[in-house]
Structure formats: structure tokens, C-alpha cells
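With the hints as extra help, turn the sequences into a complete structure.
So the sequences go chain by chain: R and X. In terms of numbering that gives the first Met the number 0, the first sequence is residues 0 to 136. In terms of numbering that gives the first Met the number 0, the second sequence is residues 0 to 311.
Honestly, I wouldn't trust all of these hints.
Distance condition first, Cα-Cα at most 30 Å in a straight line; then the derived DSS-like pairs of lysine-lysine [what the hints assert, rightly or not]: (1) Lys44(R) <-> Lys277(X); (2) Lys78(R) <-> Lys64(R); (3) Lys32(X) <-> Lys8(R); (4) Lys277(X) <-> Lys35(R); (5) Lys32(X) <-> Lys9(R); (6) Lys9(R) <-> Lys138(X); (7) Lys9(R) <-> Lys64(R); (8) Lys107(R) <-> Lys35(R); (9) Lys135(R) <-> Lys44(R); (10) Lys44(R) <-> Lys32(X); (11) Lys8(R) <-> Lys131(R); (12) Lys44(R) <-> Lys138(X); (13) Lys131(R) <-> Lys32(X); (14) Lys131(R) <-> Lys78(R); (15) Lys35(R) <-> Lys164(X); (16) Lys277(X) <-> Lys8(R); (17) Lys135(R) <-> Lys32(X).
Pair by pair, the computed Cβ-Cβ distance ranges are [claimed, not checked]: (18) Arg40(R) <-> Val309(X): 50 to 60 Å; (19) Ser2(X) <-> Asp112(R): 53 to 63 Å; (20) Ala224(X) <-> Ile94(R): 35 to 45 Å; (21) Leu17(X) <-> Asp112(R): 30 to 40 Å; (22) Cys118(R) <-> Arg67(X): 42 to 52 Å; (23) Met94(X) <-> Thr3(R): 27 to 37 Å; (24) Glu74(R) <-> Asn167(X): 55 to 65 Å; (25) Thr3(X) <-> Gly127(R): 56 to 66 Å; (26) Arg121(R) <-> Thr279(X): 30 to 40 Å; (27) Gly127(R) <-> Leu259(X): 44 to 54 Å; (28) Glu74(R) <-> Arg67(X): 15 to 25 Å; (29) Lys64(R) <-> Gly125(X): 22 to 32 Å; (30) Pro160(X) <-> Leu29(R): 29 to 39 Å; (31) Cys33(R) <-> Val305(X): 40 to 50 Å.
Coverage of chain X stretches by chain R, computed from C-beta distances (three or more under 8 Å per stretch; other residues unrestricted) [claimed, not checked]: (32) 32–45; (33) 51–63.
The set of hints was computed from the structure by calculation and includes no laboratory data. Note that beta-carbon positions come from the ideal geometry of N, C-alpha and C, so glycine has one too.
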Amino acid sequence: MGITNWGFKKSLWVFHLNAGACNNCDIEVLDCLCPKFDVERFGIKLVGSVKHADVLLVSGSCPRKVVPQLIETYEQAPKPCAVVAIGSCGCTGGIFKDGYNFAGPVDKHIPVDAYIPGCPPRPEAIIGGIVKLMGKL
Amino acid sequence: MASTLGLVLNYLIFPGLLFTAVFGLLTTWVDRKVSARVQWRVGPPWYQPFADVLKLLAKEIVIPAGARRTGFLLAPLAGFAAVGVVSTMLWLANMRGAGFVGDLIGVIYLLTIPSLGMIIGASASGNPLASVGASREMKLVLAYELPFVIAVFTAVTKISPMTLKLENIIAYQEMNGVLLGNLSCIIAFVVAILCAQAKLTYPPFDIPEAETEIMDGTHMEYSGAALAVVKVTQAMMLFTLPVFFITLFWGGLQFTGWGLIYTIIKYVIIITIIVLIKNTNPRVRIDQAVKFFWGPVTVLAIIGMVLAVVGL
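This is how it looks when you write it as C-alpha cells:
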């Protein structure tokens, strides 16, 4: 299925999922999607519904209550779907890893394809991470 | 038998489904590129809409448990087929060697079917946000259909042996000059472009599929190949509506010599107006949209109709 593979690499629709983040990584993701960085050149588009998503951008360390919602949202995304963990909280738990309701970083519950560390990662770092993800797909 | 087979091939390949789908997707690329330039950025390459559709065909179709499966999957296909019929009728009436009978009332009816398909599909989704989107789409259709029909019939009123066949409208314009030369038809053309903005659910009237408010509204539960059908139907509508307006108001399509260049320029002008309105306006609420269409736009359409009856 060579040609649909090409289509998949050239047109990645991202969906942003906040799994208990402090919102800083979410703001940086929003900056990344603004006209200054112009990710639409690469075919990347923000979609409003998880059923349209190819990449889930998950930010935040997962508190206990978010875990069922995280798993259910991941299962609703049509496969093949990649998951990117954004920020130190998403990768390892960051500064919240000793908290009383910390229930594990993102890759403890859903399979993660790329990690973008930083607190928060700059938009350039986010773009660099997505480009590495495209190389892996 | 041979002419039936010819008509079927006309519907499926040229100038029906395949031709309209390919050129509709190219027109959405023009839309995205112009929007990007207006926002001082570069924008996607020319093959982007085709990559989107190919990618969507490779994804799985997720159907919610509470959805009515048949209505959910068949409704977008009905819209897709209807736009294909409209495009076939318009192009064959313009090419006129086929002796094809194209009827204006049929075109108006068929152009509402994609919206109805989305209403039925969204209601069959089993999702409360999608039903909010469906009810908003219903109100929007009620709002813009009134001035749209008045504007189209203003053009018909100007034609002196009153006719509803597309080829007669084109023939009249060949003999008496384009209908846009008259004041009433200029007003009708402006009204028709505003209604086209709502028919395509483009901003400022993309209320049914508002991304930030109701998470893509009517399109919310579609994924994979079903979403590809929805996107291609939107692209085909973007291609068909300017061709309809050129046929009705601006002299029809011409395919030889300078006529071809003028046709392309007319098409590009209409697309650019639609895209510029899209980029310079925020989304309005549904009650503002209904008041807009039943208020100033209908009054403008009625003024155009009165001018046409008086003879201007």
C-alpha cells in the first residue's frame, strides 16, 4: 500500500489531548499551530474531533481520574494512529512524579511513538519531534 | 442503448464524478493557498488535498455503538451522488452538443441534497453534539434557501421567453449579452454569492461544523472512508457552485480561444471572492445568521426581483 503510505506521511491531522497538564505545553502546542510556524506546509492540520485524528498530542502527567478517559480517547482514534507525549510531564512525570495522585506517565497506559521533553518544549522542538515521527512512520 | 451507456460514462467519469472530484480537490487547494497567502504564510503544496483523501481511505471506519449504521453511512453517499448529477447536468448543458435536457428546478433541488445528507448523517450519529450541529444546519438551510431561490428566479425573469432549461438560458445570453449587464442581475449575483457562502458552510457561516464550539459538529463521528466521502462532496460543491453561477449569470462556459481564458478568469474571480469572505470574517451565531438571511439579504433579493420585473 505504497501510495496510501505516502498519503499518510504527507497529511497528518493532529488532535490535542490534555491529560492533566498545567496548560503550559498546551499553549506551546497552540503557538506551534499558528501562522508564524506554518505547519500546514507539511500537511499538518488541527482537527476538532478525535475520530479525525492521525496523531494524538498528549500533554500532562496522568492523575488517577484522567486514566480511564485517556484510554477511551485513544481507543476512539481510528488506527493507524500515532501518539506523541509532549513535555517532561508526559514523558516521565516531570515535577509531579512524587505526587499523591500520580498514576504513571503516558506510556504506562497507551503506546507512545515519540517523546518531546521540555518544560515547556519550544515550538521549534515540537516541530522537530513531529518531523522525527514522520521519519518513523 | 448506446446513448444510455454514454450518459452513464458521462456521469461517472467526465464531466461527472471523477472529473468534478479531481478539479474540486484542486479548487480546495487554491482555497488553502490563497488563505495561507492572506495570512502571510506559505501554505500546502498542490498535491495536499489528494494526500488527505488517500490517507483517509487507509484509516479504519469507527462507528459509534449508538449510531444507526445504515443512515450514518449512506447519507453522505446520497449527497456525493447528487452533486455529481448537478455537475454532469451543468457541463453537458454547456457543451450542448449532447442535446442534454438540463432543468433549473432540478439543479436547485439537487443542490440541497448534500446539506440534507449531512443532517441525516449527523442525526444518525448517536452523538448529542452532532445533533446540535444537525439542528443548526437545518436552521441555516431554511435561512439561505429563500434568498437563493429568489436570486435564481430573478435571472429567469429577465429572460424574455420565460424558460427553465439551462441551454435556453445560455442561448439567450449569447444573443442578448450576459445577464450580469443588468442592474437586477448584479444584485441577484451578490445575493447568490452570499448564499453560496452558507451553502458551502464556509466562514462566517460554518456554524454546523464549528471546530471550537461543538468539535466539528456534523462531521464529528465520521472517520476513514466515510469522512473522505464528506470531504470530497464539499470539494465538489466548491467546484459546482461557481460553474452554476457562471452558467446562470455570466454567459456560460466557453471552450474555444479567448472564451476559454475568460471562463477561467470568471471562475477564479468567483472563487477568490468566496475565499476572501472566508478569511476576513469570524463565525457568526445561528440566530445572527438567520436574521441576516431573512433580513437584509432577502430584502436585497426582492429589490433585485422587482427591478427585473420592471425591466431593468
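Against the structure, the hints come out as follows:
For the hint pairing Lys44(R) with Lys277(X), the CA-to-CA distance comes to about 18 Å; that is within 30 Å, so the pair holds. Our distance criterion of 30 Å between C-alpha atoms is met by Lys78(R) and Lys64(R), whose separation comes to about 25 Å. Restraint check: the Cα-Cα separation between Lys32(X) and Lys8(R) comes to about 20 Å, which is no more than 30 Å; the hinted pair holds. With a C-alpha separation of about 20 Å, the suggested pairing of Lys277(X) with Lys35(R) holds against the 30 Å cut-off.
Taking the CA atoms of Lys32(X) and Lys9(R), the gap is near 16 Å; set against the 30 Å cutoff, the hint holds. This hinted pair does not check out: Lys9(R) and Lys138(X) have alpha carbons roughly 37 Å apart, beyond 30 Å. About 36 Å separates the Cα atoms of Lys9(R) and Lys64(R), which puts this hinted pair outside 30 Å; it is violated. A C-alpha spacing of about 34 Å is found between Lys107(R) and Lys35(R), which places the hinted pair above 30 Å, so the restraint is violated.
Annotation: proposed proximity of Lys135(R) to Lys44(R) holds, straight-line Cα distance about 19 Å (limit 30 Å). Between Lys44(R) and Lys32(X) the alpha-carbon distance is near 14 Å, which keeps this suggested pair within the 30 Å criterion. For the hint linking Lys8(R) to Lys131(R), the alpha-carbon distance of about 11 Å falls within 30 Å, and the restraint holds. Between the alpha carbons of Lys44(R) and Lys138(X) the distance comes to roughly 29 Å, so the proposed pair stays at or under 30 Å and holds.
Of the pairs offered as hints, the one joining Lys131(R) and Lys32(X) holds, with about 26 Å between alpha carbons and a cut-off of 30 Å not exceeded. For the given pair, Lys131(R) sits about 20 Å from Lys78(R) by alpha-carbon distance, which is consistent with the 30 Å threshold. Distance check on the hinted pair: Lys35(R) and Lys164(X) sit about 50 Å apart at the alpha-carbon level, beyond 30 Å; violated. Between Lys277(X) and Lys8(R), the direct Cα distance comes to roughly 28 Å. Compliance with the 30 Å bound is thereby established for this hinted pair.
Between Lys135(R) and Lys32(X), the direct Cα distance comes to roughly 28 Å. Compliance with the 30 Å bound is thereby established for this hinted pair. Separated by about 53 Å at the C-beta atoms, Arg40(R) and Val309(X) satisfy the suggested range of 50 to 60 Å. Range check, Ser2(X) to Asp112(R): about 55 Å between beta-carbon atoms, so the 53 to 63 Å window is met. Hint check: Ala224(X) to Ile94(R), Cβ distance near 44 Å, so the stated range 35 to 45 Å holds.
A hinted range of 30 to 40 Å for the beta carbons of Leu17(X) and Asp112(R) is consistent with their spacing of about 36 Å. A hinted range of 42 to 52 Å holds for the C-beta pair Cys118(R) and Arg67(X), which are about 47 Å apart. In this structure, Met94(X) and Thr3(R) meet the distance hint of 27 to 37 Å, their C-beta atoms being roughly 35 Å apart. Taking 55 to 65 Å as the suggested C-beta distance range, the pair Glu74(R) and Asn167(X) conforms, at roughly 57 Å.
Judged by the Cβ atoms, the range 56 to 66 Å given for Thr3(X) and Gly127(R) holds: they are separated by roughly 58 Å. Separated by about 31 Å at the C-beta atoms, Arg121(R) and Thr279(X) satisfy the suggested range of 30 to 40 Å. Hint check: Gly127(R) to Leu259(X), Cβ distance near 47 Å, so the stated range 44 to 54 Å holds. In this structure the hint that Glu74(R) and Arg67(X) lie 15 to 25 Å apart at CB holds, the actual value being about 22 Å.
At about 26 Å, the beta-carbon gap between Lys64(R) and Gly125(X) stays in the expected band of 22 to 32 Å. Evaluation of the 29 to 39 Å hint for Pro160(X) and Leu29(R) yields a failure: the beta carbon distance comes to about 60 Å. Here the CB-CB span from Cys33(R) to Val305(X) is close to 48 Å, well matched to the stated 40 to 50 Å. Residue count for the stretch 32–45 of chain X with a Cβ under 8 Å from a Cβ of chain R: 8. That meets the three needed, and the coverage hint holds.
With a cut-off of 8 Å between beta carbons, the stretch 51–63 of chain X has 10 residues touching chain R; three or more are needed, and the interface restraint holds.
Against the hints set out earlier in the document, violations occur for numbers 6, 7, 8, 15, 30.
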